[in-house]
Amino acid sequence: MKHLNTIFISLLLSPTLVAQSTDDNYWAYQPVQKVSVPPVKDSSTRNPIDAFIFAGLRENGIKPNERADKVRLRRRLSYDLTGLPPEKKEMSWQELVDHTLDSPRFGEKMASHWLDLVRYSETNGFERDSAKPDIWRYRDYVIKSFNENKRYDRFILEQLAGDQLPDKTLDSCVATGFMALMQRDDEPADRPQAHADRISDIVDVASEAFMGTTMGCAKCHDHKVDPISQADYFSMMSFFDGIRQDLFKSANHTWNDPEVIRKREEEKQANRGQIEELWGGVDRQLLEPYLKRSKNPRDIKTSWVFLPKVPKAPGWSLPSFDANGAGFKKLDKVPRNKMVTLRSEFGLQGIPKQFLVYLKGELQHLQIFINGAPVHEGVIEKVHGEIFVPLPIEELTTGKNVIGIITKFNRNRPEIKITREPVHDLNGDQFASIHSGMIARIFGDDFGSKMKPLQQRRRDLERPIQGVRYHGVHEEGQVAAPRIHTRGSVHAQGDEVPIAFPAMLDSAKLKPKRNRLEFAKWITSPEHPTTARVWVNRLWQYCFGAGLVESSNEFGKLGTGVSNQKLLDWLAGELVKSGWDTKHILRLILNSSTYQLSSKGISDKDPTNRLHWKYSSRRLTAEEIWDSYLVLTNQMKFEIGGPPVRPKMPDAVLQTSSRPRNVWPPSPGDSANRRAVYIHVKRSIKLPLLANFDSPERDFSCPSRFATTVPTQALTMLNSERMNELSEKFAARLNGSVDEKIREAFHLGTSREITDGEFHEIKGLAADLKAKHGVSDDQLMSRICLLILNLNETLYLD
Amino acid sequence: MTDFCGQTNRREFISTVGGGFTSLALTGMMAQGKKKETDFAPKAKSVIFLFMYGGPSHIDTFDYKPGMKGMDGKTVKVKTFGRGGKKNEGRIVEPKWNFKQYGQCGKWVSDLFPHLATCVDDIAFLHSLTAESPIHGSAMLKMNSGSLISGKPSLGSWVNYGLGNINENLPGYVVMLDKTGGPISGAKNWSSGFMPANYQGTVLRSKGDPILDLKNSRGMGRDEQYRIIESLNQLNAGHLSQRHGNTNLQARIDSYELAFKMQSTAPEAIDFDQESEATKQLYGIDEGRTEDFGKKCLLARRLVERGTPFIQIYSGGAHNDDNWDAHGNLENNHNKHAGNTDKPIAGLLKDLKQRGLLDETLVVWGGEFGRQPTAEYAKGTGRDHNSAGFTMWMAGGGIKGGVSVGQTDELGSAAVEKPLEVKHLHATVLRQLGFDPNGLHFHHAGLNEKLVGVEGADPISEIIA
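Each protein sequence line maps, in turn, to chains Y and U.
Just so you know, the first sequence maps onto residues 2 to 799 in this note's numbering.
Just so you know, the second sequence maps onto residues 18 to 482 in this note's numbering.
Treat the hints with caution; some may be incorrect.
[As the list claims (entries may be wrong)] Think about it this way: if two alpha-carbon atoms lie no more than 20 Å apart in a straight line, the pair counts; the simulated DMTMM-like pairs of lysine to aspartate or glutamate are:
id, chain 1, residue 1, chain 2, residue 2
1, U, Lys224, Y, Glu188
2, U, Lys232, Y, Glu96
3, Y, Lys145, Y, Asp168
4, U, Lys232, Y, Asp652
5, Y, Lys558, Y, Asp507
6, U, Lys196, Y, Glu128
7, U, Lys224, Y, Glu722
8, U, Lys96, Y, Glu722
9, U, Lys196, Y, Asp652
10, Y, Lys771, U, Asp226
11, Y, Lys649, U, Asp226
12, U, Lys103, Y, Asp652
13, Y, Lys310, Y, Glu396
14, Y, Lys771, U, Glu247
15, Y, Lys302, Y, Asp191
16, U, Lys232, Y, Glu396
17, Y, Lys773, U, Asp240
The set of hints was computed from the structure by calculation and includes no laboratory data.
Since we're looking at a predicted model, the values are computed, not measured.
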């Protein structure tokens, strides 16, 4: 026991191994240094990475290992890049690296790293542990971004401010889901505090994940070790605190593709043109008598109520909704220039042929719902200062109906009617809103049959475009000047703080505007001292198990320090120079000799391999184990993206939920045979195989995982329903004689040929199981497969 | 440099570095399962936390309010904050059970707990607990992990981390749930949060298979399984021989032996057959309504005898009247839950005492909060949640008996004398186990995280013997 601790302490203190400084010019907060590559003195140096690593080893008198053998290397590469066992491919190493980086499986593997980092979860936690609807689009965005090798700076920019970009896209808006991933108490004891805590959660995760800086402690007091003040913290919070609280709730966001909107507009124009052209052949004024708004217009009786905001509750425009209970007030004085919601119930004895909303005044926005269905958005026709909106009749029913309107008025007492007949002086397009039967009666059936499809088309084009719903954030309205919250309490507002970036990371002392985009641009600027370093360090970690800075979320003085700062800075420089090209950095790492060293041996000089004289063997992650078993048993469905899946949860685990019967409805059939990255992430319940193999709680940013070994893992691996079912499926996919099956199963599990000794061990087991334990021929191979799924070699990489 | 340079023991080693890189050293050490030194000589070796989920009403159980007699139905000005929000007045529901004095200390206890009342001379009552939230979700997390949000390690994880306890023959942190289901937030209540997964609670069942996957799902016999493990060990040993010095691989080989042993030690631990009829009766196992909770209490004692450091038993599960959450009919609800648990808990205290185990076993009783003195609705006896003042109690493990600390006001609506926070309760638990609650920490995200929070908390000295 003792000696390991001693070694660790000496590692931390040894100046030759770890750059750790006590002065104020702490390296991590200084600009990335331009470094020259050390002279090559070793024939196995393949690229600058080796030059840096081998120089470090020479300084410490350590010899690097030999290159690992081909079988192990290919297995290592496959798991590190795709999280899956290797496929048989006859290619050179370099080709294999490129081929594997191009695999769609690469994005899925990288996403599972990233989702740990940003504490990705699909539910809110607490009593209801309700879903974050559509949040899986964020997971798919991450996968897609890695597969497309999106520039890393853009990747971060989108997650912090994708909704504010001038060239925003659906992807960039989905990316803002990053800011909606935290747990959310829907009935907090202290609402303002809960909101402030959610905003600071964003600050904490953004600082740790993107800047490698833990800011959390500066929420309550100035950082004790790093130069981060409370003012820095609350100034950083001010970039985010315009995010609307209710938007954490559900998918309140719909993306309408500008291209689709533009196309729709063109189609409308074309339709109007066709209608005008058709009208050209007749005297449409003949319709006038039918259009005059009579002295006693056939209005439908309404009883308007309103809410001075947009209601959070779903179903507010459905007939079953309790408007009084939800705070709707009688329509009297409506606030001006503010989004308001109007609602009226009305009765119909029959469905009218036409159905119109009539409003008087200047409107800045208009959305109309009939019985919960959106029937109109945005387009406003003005006639004599009046607004006239013909609506489709399909949503109406006889009996009770509800109309809902979201709009902004410029007057306090709006006039709103719903009516069965239109007003006068319409344009051709509006004439076409008249029922086709009437048009046919006046202009003849031939004309009517030509007009009818155009009218149908017109109605279709008036329908709201079905946008893509996603779970992100946006901002609205003004927020108060940022102040320090004394000891982190929103109720103890202290001094106002200037809008600034954290001083220690901003040597230029910029004077930013208070918006997220400014903040995001600052983080992703090439001059930022930590962003590029943090990312190349993570990529290093994803290949070697540990970063050059092992505490990869903490580059500050509380962290572990850096084992090879020159290499880190060289890689950071290379990242920026390459246009923040993630795959470029990975290619450099994977093609280095350092990555390809064998994992054998121990060294007294560097027992924990900080200097990379070997490859550090590692256990597969929970997800890699899950995925490998689906591949080995030939069950994996390689489909990318979509809503999450729920594999069968053992009954005993369901019983730990407060809602045992409906907490985890299993996905039907074999539809859950997907990669673990697609398994539903629910805060209150987790599959035991994932929980036992250290899949982290997604409540905080998790930069690297523990790898614990406890007997309860072995119980699950030997006894569980899932493992035994997997063993049976594994056995079923094997071909040939028993001997051939043993060889095939062993090869699938370990990626190598079985040795004679191993073969005889398994044959001996098979004989004993049959002779002494009465295992039938049918069961025999699944027992052997269970053994193979449990082998250390199946679960470890080296 | 910071103080972590001075960290010389194993738990600090784990916490400072964290992450996969250290797994090599970490799992190697875990496999050896060495116990760690504590800060002080421990008074308690084990903790049994009896969690009355849903929130028992303090003024109907242990917090005697004679002044409320005759006030039933009166509307009084009193500030309350519960599920139904903040109110300034309400209709009094007077305590629905009679109180009597018990023991040498003369403690007033309601008729809900006739058996437990005979143990009051061994119990220290804490009448002035406060929790930050009167809402189940966050209050549960608070009581279990010291934080209103999830992600922090729970009390049992801290205890096992502090002790350096490693699951060997039995898990070191055991949770027994109600038959109606788990509490709100499920596994978050026994999560190890940002600590390694080996510190998380293991759910133990008093019926059937006690631990998940303890029995082979295909009915594989023990001999057959051992034969497979033999071959597994052989093949793993061959693999290890070419990877000399890899302690992870050795740890994993060992874990199969331990798992194999656990398959016999765990069923043995829950096998009550060896217990005498008198013992079973003491826990109420012979009576229908107390059988379930009685078995869990007896199981807890058997685990204490086997060295399990932390055991939590839930009274109540799921939602509404399946637990102590008496919003509707107070009498039905509390008669049910108190009636199911009174005798078993009294039996547990008496049994521990007669076996000389109570001195080293700390028993904690309470819910995530208490209940209001006023009615929640216009009609009925239901009480809303109250986190401004409520009662918990502790017994054994170096805790004074027959004492009461703190007071609520004359209605029991808020703590007025020596208000205590959840962290003081946690600090007391850690202190009795031999830890300095302000010293036991885990480095996470730039902070030396403590169960008792950044500002720390001292144990409740009045109840420490």
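| query | Okay, which hints does this one fail, numbers in order? | reply | Going through the list in order, the structure violates hints 1, 2, 8, 10, 12, 13, 15, 16 and respects the others.
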